[in-house]
Amino acid sequence: MQSEVQFAGFGGQGIMLSGKILAQAAMEEGFEVVWIPSYGPEMRGGTAYCTVVIGDQPIGSPIIRNPQHLVAMNRPSLEKFAPMVRPGGIIFINSSIISISSQRSDVDEFTVPVIDIAKSIGNVKAANIVALGAFVARSGILNMASVEASVKFEFAKKEKFIPLNLKALAEGAKAAQK
Amino acid sequence: MVKLFTKPEALAEQDTHYCPGCTHGVIHRLLAEVIDELGIRGRTVGIAPVGCAVLAYNYFTFDFQEAAHGRAPAMATGVKRVRPDLMVFTYQGDGDLASIGMGEIIHAANRGEKFTSIFVNNAVYGMTGGQMAPTTMPGQRTTTSPMGRNVEDVGMPVKVAELIAALTTPGYIVRQAVIKPKYIVKAKKAIKKAFTYQMENRCFSLVELVSTCPTNWGLTPLESVDWAEENMLSYYQLGEYKTPE
Amino acid sequence: MGKVLMKGNEAIGEAAIRAGCLNYFAYPITPQSEVAEYLTHRLPEEGGVFLQGESEVAVSYMIFGAAAAGARVFTTSSSPGISLMSEGISYIASAQCPAVFVNIMRGGPGLGGILPSQADYLQATKGIGHGDFRMLVMAPASVQEAVEMTMAAFPLAEKYRNPVMILGDGLIGQMMEPVDFPEHLKTPPSNKNAWATNGMDTRQSEARNLVKSLYLDPEQLNQHNLMLKAKYEQMEAEEVKAEAYNVDKDYKILIVSYGTMSRVCKTAIMQLKQEGLEIGLIRPQTLFPFPGEMVLQAATKDSCQAVVSIEMSMGQLVEDVERYVKGQRPVSWFGKCGGEVPTPEEIIDHIKAML
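These protein sequence lines are chains S, A and G, in that order.
Numbering that gives the first Met the number 0 puts the first sequence at residues 0 to 177.
Numbering that gives the first Met the number 0 puts the second sequence at residues 0 to 244.
Numbering that gives the first Met the number 0 puts the third sequence at residues 0 to 354.
Possibly wrong hints are sitting among the right ones.
What the hints assert, rightly or not - With a straight-line cut-off of 20 Å between C-alpha atoms, the simulated EDC-like cross-links for lysine to aspartate or glutamate are:
no.: 1; chain 1: G; residue 1: 2; chain 2: S; residue 2: 55
no.: 2; chain 1: G; residue 1: 251; chain 2: G; residue 2: 344
no.: 3; chain 1: S; residue 1: 79; chain 2: G; residue 2: 339
no.: 4; chain 1: A; residue 1: 6; chain 2: G; residue 2: 205
no.: 5; chain 1: S; residue 1: 156; chain 2: G; residue 2: 9
no.: 6; chain 1: G; residue 1: 335; chain 2: G; residue 2: 321
To be verified - Beyond 12 Å from chain A on every Cβ pair, some chain G residues (computed):
no.: 7; residue: 3
no.: 8; residue: 32
no.: 9; residue: 185
no.: 10; residue: 221
no.: 11; residue: 248
no.: 12; residue: 249
no.: 13; residue: 339
The hints are simulated quantities; they were obtained by calculation from the structure and are not laboratory data.
By construction, the Cβ of each residue, glycine as well, lies at the ideal position given by its N, Cα and C atoms.
Excised from the complex, chain S in its bound form (with noise of 0.2 Å):
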C-alpha cells in the first residue's frame, strides 16, 4: 500500500511545512516515508510544492507524476497539478482564494476557505495547518492524534505558536467533515 500526497501553493505559504509534519507523523506511526520538495528558483514565489509518499513497504520510485492527493493552496498549483491526480483520490482546493473547481468527477473534490478560517482563529499563516488538518480528516491516511504530536515537535522550539496550530488542525478537521 502507498499512497502520495502532493501539496503545493505560492512559496511563503508554508506548503513545505505541511508536507514535513505529514511526513513525520507518518514516520512516528511506522511507515515508510519520504518527503520530497520541488527546489531551486521555484521556491522563491513561484509555485512551490512537495510530494509526501506513505507507505507499508520501502519506498522505490521518489518520483511522482501521478498523486494519489492534491492539497492546492492557489489557482496556479490547482491548474497544473489537477490532472495529474489519479482517479479516486482527494484533491483539496483552498477556497479563501481559489474561485475554480478542478473539473475532474472522479475525484473526491472539497473545499475549505483556510485563509479565512486562519484569520478567525488569529493567525493568517495558519493556514497551511488549517489545509493540512482538513486533509488528513476527509483521508484518514493518518491518525489525528500522530498529526498533532508531529505539531507539537515541529514547534518545540517555537512552543507559543503550539496552540495555535493545534486550534488550526482542529478547525481544519471541523471544516472537512461540514
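Model the placement of chains A and G on the given structure of chain S, informed by the hints.
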C-alpha cells in the same frame, strides 16, 4: 674558539638549485634565523609555492607542504584553522601570489588568517623562463613582453603590499628588500615581527621582499642589485603599510 | 536515539560529525547548500571548524592543508563546484592525504541545471583530475545509506590515504527520509604521525614530514604511480559493494543502475513482476571499485538475454557495464539527463520494448 657564524638549525645541509646571485637563498636564511631565534622549529609548517621556490621544502628542516600554483594561502588557511597552535607560513613568488593566486591571498588576508606570507617580488616569472609577471616594471623586457611591458596593454605593475593593506581587516603588511645588506637587516626585522604577531595570534602578516633575478633579467648579480635599487624601489616603496596596533 | 526525519544534505552533515569529522570547508552551491547551513550551527556546538571559503578552488586546498596537517576533514559541493575542486583532489591523491568529498550532482554540462542528475559518473570514477589516480566512490540510494556511506568514508579515506567521494544526485540531498543514525564511529588510531605535517613537536620527532606531489625524476614518479596503482588494486580487491535485487528469478533482462535511479528501477521491477515479467537488478554501491564481477555473473545467467544500464546520464555507467560484460550479452543504455528522473512507467515501456 668561539663560533661566530653558523648555519641555522632550521636550514638543511643541502645545496640549493637557485642560480648564482639569486636572492631566494638570502630569504631562506633569514627565515631560518628567525625560526631558530623564536624557537618555533618544532611547531612550524611551511608551504612551498609553484615557481622557483617549488623545491624550498628541501632547504629547511621542519614540516613542509607543497601547494599548487597560487593556492598556498588556502592550504595555510586549512592548516591554521585545524591547528591554530602551529606556526604557518607561505613562501610565494609574484606569479604565484599576485597572478594565479590573487584570489586566495586577498581572501586569506581579509579573513585575517593568522599565518604569515613571505612574498618574493622579483618582477619576473623565474622557473618557467622569464615571462612577464604582474609585478614586471613598465618597459621591462621579458620573454612575453619582448618590447618591454606595455602598460597600455597590460596595465601597471601590481603593488601587492598596498593592495592588501587597503583591506579593512587588521594585519601586518610590510615591504622590504633583500638586495643590499642595509635592506636585508630591515627585511629580517620585518620577518621576525610578522612571526611574532603570529605567535601572539594577532593577525595575518605579509612581508613583500623586493628581490632580483639576474638570470632572467640578463644582468650580473651586482648589476641586478643596482637595477632593482634604481628602478624598483621608487615604485615599490619600502616600509610598513599596516600594523595591527 | 530513534529514527529522525531528515533532509539528505543535513543528514550527511550530521553523519560526518558522528564519524568524528569536525572540520568542514565549503562554498555554497545548489542543491547542497543545506549541508553548510546545518554545519554552521552544529560544528561550533562540537568545538569544530566551519569555514566558508572564497571559491571551490580555494576550498579544495583548505581541505588539502587541513588533511596534510593530520585533521579529519570534508567538504560538499555539486557538479560545477566539484570540477573546480578536481585540481586540488589530484594533488591530494598524489600527496596521499585522506579527505572526503561529497558531490550532490546536478545537470550539466556547463552551468546545466539544478535538478538531479548522475552526469558526473565518469568524472568521479575515472580519476576526476589530471594525472593517474582514482578516488573510492560510493553512491547512496537513500538518506539512510547516505549517512552510512558518509560515516564509512572517513575510515576508508584513512585506510588508503586517498580521497573518497560520496556521489549522490540532487534528490539524495533534497529529500527527507527517516534516518536511524549509527553510534558515533570509534575508529582505531590512524598512523598520521608517520606522514602528516602536524609539527615535529606534536609527534615528538626530530624527523620532519613532507607532504608533496612533485617528483621531477621520471623513475621516482613512475614508482610513485605504481604505488598508487597498487592501492587502487587493493580497493578493487577489498572494497567492492553492490546490491543484487530479484536475481534469484529467471529474468530475461538485467538492469544495472545506482542511486535514486535504481529506486525507480525497483518500482518498475515490482510492477513488471505483477504482470509476470521478471527483471534482475545490480545496484553498484561502490562505483569505484566497480562491482564488475557481480555484473558479469548476473548478465551471463542462462535466462538473461540482455543488459541495460539505466542512468541519469547520457551513457556513462554503460561504459563500465560493457567493460565487464565483455560482449557476452548485448548491453544498451536508457536514461535522461536534464534534471527529470525517468519514471517507472518509462522504464517499463523501455523494458517491454526490449523483449
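request  = Report the numbers of all earlier hints that the structure fails to satisfy, in ascending order.
outcome  = none
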